[in-house]
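Heads up, the final residue of the sequence shown is numbered 273 in the numbering used here, and it's a clean run with no missing numbers.
These are computed hints drawn from the structure, not numbers from a lab. For every residue, glycine included, the Cβ atom is placed at its ideal position computed from N, Cα and C. Be aware that one or more of the hints could be misleading.
Unchecked claim - Below, computed lysine-lysine pairings styled on DSSO-like, alpha-carbon distance capped at 30 angstroms:
| no. | residue 1 | residue 2 |
| --- | --- | --- |
| 1 | K185 | K242 |
| 2 | K171 | K154 |
| 3 | K154 | K185 |
| 4 | K242 | K144 |
| 5 | K185 | K166 |
| 6 | K154 | K144 |
| 7 | K242 | K148 |
Stated by the list, open to error - Between beta-carbon pairs, the in silico distance windows are:
| no. | residue 1 | residue 2 | range |
| --- | --- | --- | --- |
| 8 | K154 | I29 | 20 to 30 angstroms |
| 9 | A169 | R32 | 38 to 48 angstroms |
| 10 | A236 | L216 | 27 to 37 angstroms |
| 11 | D94 | I181 | 21 to 31 angstroms |
| 12 | M28 | K171 | 33 to 43 angstroms |
| 13 | E64 | D196 | 44 to 54 angstroms |
| 14 | D119 | A197 | 28 to 38 angstroms |
| 15 | A243 | M28 | 45 to 55 angstroms |
| 16 | N134 | P47 | 40 to 50 angstroms |
| 17 | G132 | P59 | 25 to 35 angstroms |
| 18 | G41 | D196 | 26 to 36 angstroms |
| 19 | A169 | S74 | 32 to 42 angstroms |
| 20 | L216 | R251 | 43 to 53 angstroms |
| 21 | K171 | A149 | 37 to 47 angstroms |
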Amino acid sequence: TVLPGWRTAHWDAPPEEMIDWRGRVWSPSLGEPAAHPNARFASPAGQCPIIAPEWEDPAGVPISAILFGGRRATTAPLVTEAFDWEHGVFLASNVASEGTAAAETKIGDVRRDPFAMLPFCGYNMGDYFAHWLKVGAKAPIPPKLPRIFYVNWFRKDDAGKFLWPGFGDNIRVLKWVVERLEGLVDARETSIGRLPHPDDIDVSGLAPEHIRLQALLAIDRQEWAAEAPRIKAHYDRFGDRLPHALRSQLASLILRLAETRAR
11 TVLPGWRTAH
21 WDAPPEEMID
31 WRGRVWSPSL
41 GEPAAHPNAR
51 FASPAGQCPI
61 IAPEWEDPAG
71 VPISAILFGG
81 RRATTAPLVT
91 EAFDWEHGVF
101 LASNVASEGT
111 AAAETKIGDV
121 RRDPFAMLPF
131 CGYNMGDYFA
141 HWLKVGAKAP
151 IPPKLPRIFY
161 VNWFRKDDAG
171 KFLWPGFGDN
181 IRVLKWVVER
191 LEGLVDARET
201 SIGRLPHPDD
211 IDVSGLAPEH
221 IRLQALLAID
231 RQEWAAEAPR
241 IKAHYDRFGD
251 RLPHALRSQL
261 ASLILRLAET
271 RAR
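Produce the entire structure from the sequences given, and follow the hints as far as they go.
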């Protein structure tokens, strides 16, 4: 099977022969790409050699957690657990990423991408938010709703270097998520959500320069004081299609931030 991105990540040159995304024999002499232009999304999942056997189970499988994530050099901690379903929808509705050299947004500018769904949502995003809220409100067994987490692998230090190694080491955060679901670890309540205790993230085997959890989990009051108005401006774009519950969540965040500053 073809691995998208091989030109830079996997081989110095393409192999003489391989199987392309259509399942056909491919060679460089064909003069066409082996990978689908959007291979991350369009390659058939069934081609994955380690896919879970339950993938095609018509009964589905229980979902215990949903993770959303943006790309922020500042502000967003490594991982934040929502207080509840509605707060999780609030977090997801504000997914944001800073521009990179590969993005249309200017480098450093913050672009909102609610639920990371802007390229895929075919109707008004305010109605999409309302749909997620409705899912929670109509859940027959509310305690069994998936817990929602917001992750940010891309936080940087003052020198512009990534604080977290990322890639395969992201499994360390997933381990904490699972341990939260199983009740094995606590979390600390903050104004923006529930965060890990630094000692609860498994960093065994990491190089010392990558064990910077205090910085990764820090909440900068000035950054969040600036973030709240940006969220309001983002919400104002949706007018009366924005669910009232999300404006209430924003008001609650502002109140919690004010209470934290007053301490």
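Hints, one by one, checked against the model:
1. K185 - K242: 33 angstroms, violated
2. K171 - K154: 39 angstroms, violated
3. K154 - K185: Distance ~20 angstroms between K154 and K185 Cα, so the pair holds.
4. K242 - K144: Answer holds: K242 to K144 is near 22 angstroms, not above 30 angstroms.
5. K185 - K166: Holds, because 22 angstroms separates the two Cα atoms, which is no more than 30 angstroms.
6. K154 - K144: 15 angstroms, holds
7. K242 - K148: OK: K242 and K148 at ~27 angstroms, within 30 angstroms.
8. K154 - I29: 20 to 30 angstroms: 41 angstroms, violated
9. A169 - R32: 38 to 48 angstroms: 45 angstroms, holds
10. A236 - L216: 27 to 37 angstroms: Hint holds: Cβ distance 31 angstroms, inside 27 to 37 angstroms.
11. D94 - I181: 21 to 31 angstroms: 26 angstroms, holds
12. M28 - K171: 33 to 43 angstroms: 36 angstroms, holds
13. E64 - D196: 44 to 54 angstroms: Once the Cβ atoms are compared, 31 angstroms apart, the range 44 to 54 angstroms for D196 and E64 is violated.
14. D119 - A197: 28 to 38 angstroms: 31 angstroms, holds
15. A243 - M28: 45 to 55 angstroms: For M28 against A243, whose Cβ atoms are near 48 angstroms apart, the range 45 to 55 angstroms holds.
16. N134 - P47: 40 to 50 angstroms: Cβ of N134 to Cβ of P47: about 28 angstroms, so the range 40 to 50 angstroms is violated.
17. G132 - P59: 25 to 35 angstroms: 32 angstroms, holds
18. G41 - D196: 26 to 36 angstroms: Violated, since G41 and D196 (Cβ atoms, about 58 angstroms apart) do not stay within the stated range.
19. A169 - S74: 32 to 42 angstroms: Cβ of A169 to Cβ of S74: about 38 angstroms, so the range 32 to 42 angstroms holds.
20. L216 - R251: 43 to 53 angstroms: 45 angstroms, holds
21. K171 - A149: 37 to 47 angstroms: For K171 and A149 the Cβ distance comes to about 42 angstroms; the hint holds.
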